[in-house]
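Chemist: Sequence:
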Amino acid sequence: MKNYSKIGTSEEARTELHDKLGLTGAEISINILPAGGCVPFVHSHKQNEEIYAIVEGEGAVVIDGENIRVKAGDWLRISPEAKRQFFASEKTALKYICIQVKAGSLEGYTMNDGVVSN
1 MKNYSKIGTS
11 EEARTELHDK
21 LGLTGAEISI
31 NILPAGGCVP
41 FVHSHKQNEE
51 IYAIVEGEGA
61 VVIDGENIRV
71 KAGDWLRISP
81 EAKRQFFASE
91 KTALKYICIQ
101 VKAGSLEGYT
111 MNDGVVSN
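Take the sequence shown: its letters are residues 1 to 118, numbered as in full-length UniProt numbering.
A few of these clues could be false.
With a Cα cut of at most 20 angstroms, we get these calculated EDC-like pairs of lysine to aspartate or glutamate [unchecked claim]:
no.: 1; residue 1: K102; residue 2: E49
no.: 2; residue 1: K95; residue 2: E56
no.: 3; residue 1: K102; residue 2: E12
no.: 4; residue 1: K83; residue 2: E56
no.: 5; residue 1: K6; residue 2: D19
no.: 6; residue 1: K91; residue 2: E11
no.: 7; residue 1: K95; residue 2: E58
no.: 8; residue 1: K102; residue 2: E90
no.: 9; residue 1: K95; residue 2: E11
no.: 10; residue 1: K95; residue 2: E27
no.: 11; residue 1: K71; residue 2: E90
no.: 12; residue 1: K102; residue 2: D19
no.: 13; residue 1: K46; residue 2: D64
no.: 14; residue 1: K91; residue 2: E56
no.: 15; residue 1: K46; residue 2: E81
no.: 16; residue 1: K83; residue 2: E66
no.: 17; residue 1: K83; residue 2: E49
no.: 18; residue 1: K95; residue 2: D113
no.: 19; residue 1: K91; residue 2: D64
no.: 20; residue 1: K71; residue 2: E58
no.: 21; residue 1: K91; residue 2: D19
no.: 22; residue 1: K102; residue 2: E11
no.: 23; residue 1: K91; residue 2: D113
no.: 24; residue 1: K83; residue 2: E27
no.: 25; residue 1: K6; residue 2: E16
no.: 26; residue 1: K71; residue 2: E11
Pairwise CB distance ranges, derived in the manner of DEER restraints [as the list claims (entries may be wrong)]:
no.: 27; residue 1: V115; residue 2: E66; range: 19 to 29 angstroms
no.: 28; residue 1: D113; residue 2: C38; range: 29 to 39 angstroms
no.: 29; residue 1: D74; residue 2: F41; range: 29 to 39 angstroms
no.: 30; residue 1: V62; residue 2: G114; range: 20 to 30 angstroms
no.: 31; residue 1: G25; residue 2: W75; range: 18 to 28 angstroms
no.: 32; residue 1: H18; residue 2: V55; range: 30 to 40 angstroms
no.: 33; residue 1: G65; residue 2: D113; range: 19 to 29 angstroms
no.: 34; residue 1: K20; residue 2: I51; range: 29 to 39 angstroms
no.: 35; residue 1: E11; residue 2: G73; range: 13 to 23 angstroms
no.: 36; residue 1: N112; residue 2: E90; range: 42 to 52 angstroms
no.: 37; residue 1: M111; residue 2: S10; range: 12 to 22 angstroms
To be clear, the hints were calculated from the coordinates, so they are not data collected in a lab. Heads up, the beta-carbon is just placed ideally off N, CA and C, and yes, glycines get one too.
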């Protein structure tokens, strides 16, 4: 068994990577909302915080009733209990990556978890 996984992605509305890459510590998805589209529900989480990377386009995310404009290059971190919903602008699609991890679970950073090989 190899110590890595590699896949290509498509232009599907949502690509979930947990099964495709065999993830054991994070949930990652690539999401594309068409111009004028939105996630069709408001949601929150029991344990998992979410980190969003806006890859292409622009739009908005409503977090606990606050409308926040987003564009390519922006990053967001949203607490588990926050209610959220994403919207693409009327002019452009919105492509983003969502990384979901258990809040408070990080025990090491690169500086103290990394092992330099000779």
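Chemist: If a hint holds in the structure, say so; if it doesn't, say that too.
Modeler: Do the hints match the structure? See the list:
Proposed proximity of K102 and E49 is supported: the alpha carbons are some 6 angstroms apart, at most 20 angstroms. With a CA separation close to 5 angstroms, the supplied pair K95 and E56 stays within the 20 angstroms bound. For a cut-off of 20 angstroms, the pair hint linking K102 to E12 is broken: about 26 angstroms separates their Cα positions. Of the pairs offered as hints, the one joining K83 and E56 is violated, with about 23 angstroms between alpha carbons and a cut-off of 20 angstroms exceeded.
Our distance criterion of 20 angstroms between C-alpha atoms is met by K6 and D19, whose separation comes to about 12 angstroms. Proposed proximity of K91 and E11 is supported: the alpha carbons are some 18 angstroms apart, at most 20 angstroms. Note on K95 and E58: the hinted pairing holds, with a Cα-Cα distance of about 8 angstroms set against a maximum of 20 angstroms. Distance check on the hinted pair: K102 and E90 sit about 33 angstroms apart at the alpha-carbon level, beyond 20 angstroms; violated.
Distance restraint check for K95 and E11: the Cα-Cα separation of roughly 10 angstroms lies within the 20 angstroms cut-off, and the hinted pair is therefore satisfied. This hinted pair checks out: K95 and E27 have alpha carbons roughly 17 angstroms apart, not beyond 20 angstroms. In summary, the hint linking K71 to E90 is supported, as the alpha carbons are separated by about 13 angstroms, within the 20 angstroms threshold. A threshold of 20 angstroms between alpha carbons decides the hint, and for K102 with D19 the separation of about 18 angstroms falls inside it, so the pair holds.
Note on K46 and D64: the hinted pairing holds, with a Cα-Cα distance of about 15 angstroms set against a maximum of 20 angstroms. Between K91 and E56 the alpha-carbon distance is near 12 angstroms, which keeps this suggested pair within the 20 angstroms criterion. Among the hinted pairs, K46 with E81 is consistent with the structure: their alpha-carbon atoms are about 7 angstroms apart, no more than 20 angstroms. Proximity of K83 to E66 is assessed by CA-CA distance (about 10 angstroms); at most 20 angstroms being required, the pair is judged to hold.
At most 20 angstroms may separate the alpha-carbon atoms for a hinted pair to count; K83 and E49 meet this at roughly 11 angstroms. For the hint pairing K95 with D113, the CA-to-CA distance comes to about 31 angstroms; that exceeds 20 angstroms, so the pair is violated. This hinted pair does not check out: K91 and D64 have alpha carbons roughly 25 angstroms apart, beyond 20 angstroms. Pair hint K71 plus E58 holds up; C-alpha atoms about 4 angstroms apart against a cutoff of 20 angstroms.
Among the hinted pairs, K91 with D19 is inconsistent with the structure: their alpha-carbon atoms are about 33 angstroms apart, more than 20 angstroms. Under the criterion of a C-alpha separation no larger than 20 angstroms, the hint pairing K102 with E11 is inconsistent with the structure, at around 28 angstroms. For the given pair, K91 sits about 43 angstroms from D113 by alpha-carbon distance, which is inconsistent with the 20 angstroms threshold. Restraint check: the Cα-Cα separation between K83 and E27 comes to about 18 angstroms, which is no more than 20 angstroms; the hinted pair holds.
For the suggested pair K6 and E16, the alpha carbons sit about 14 angstroms apart, so the restraint of at most 20 angstroms is met. With a C-alpha separation of about 19 angstroms, the suggested pairing of K71 with E11 holds against the 20 angstroms cut-off. Distance hint check for V115 and E66: the Cβ-Cβ separation is about 42 angstroms, which falls outside the suggested range of 19 to 29 angstroms. Taking the beta carbon of each, D113 and C38 are about 38 angstroms apart, inside 29 to 39 angstroms as hinted.
Taken as a hint, the range 29 to 39 angstroms is violated for the pair D74 and F41, whose Cβ atoms sit roughly 22 angstroms apart. Between V62 and G114 the CB atoms are about 38 angstroms apart, so this pair departs from the stated range of 20 to 30 angstroms. A hinted range of 18 to 28 angstroms for the beta carbons of G25 and W75 is consistent with their spacing of about 20 angstroms. As the Cβ distance of H18 to V55 is approximately 19 angstroms, the hint placing it in 30 to 40 angstroms is violated.
The hinted window of 19 to 29 angstroms between G65 and D113 is violated, with their beta carbons roughly 37 angstroms apart. Between K20 and I51 the C-beta distance comes to about 19 angstroms, which lies outside the given range of 29 to 39 angstroms. Checked against the hint of 13 to 23 angstroms, the pair E11 and G73 passes, with Cβ atoms roughly 20 angstroms apart. Range check, N112 to E90: Cβ separation about 46 angstroms, and the 42 to 52 angstroms hint holds.
The beta-carbon spacing between M111 and S10, approximately 36 angstroms, falls outside the hinted interval of 12 to 22 angstroms.
When each numbered hint is compared with the structure, violations occur for hints 3, 4, 8, 18, 19, 21, 22, 23, 27, 29, 30, 32, 33, 34 and 37.
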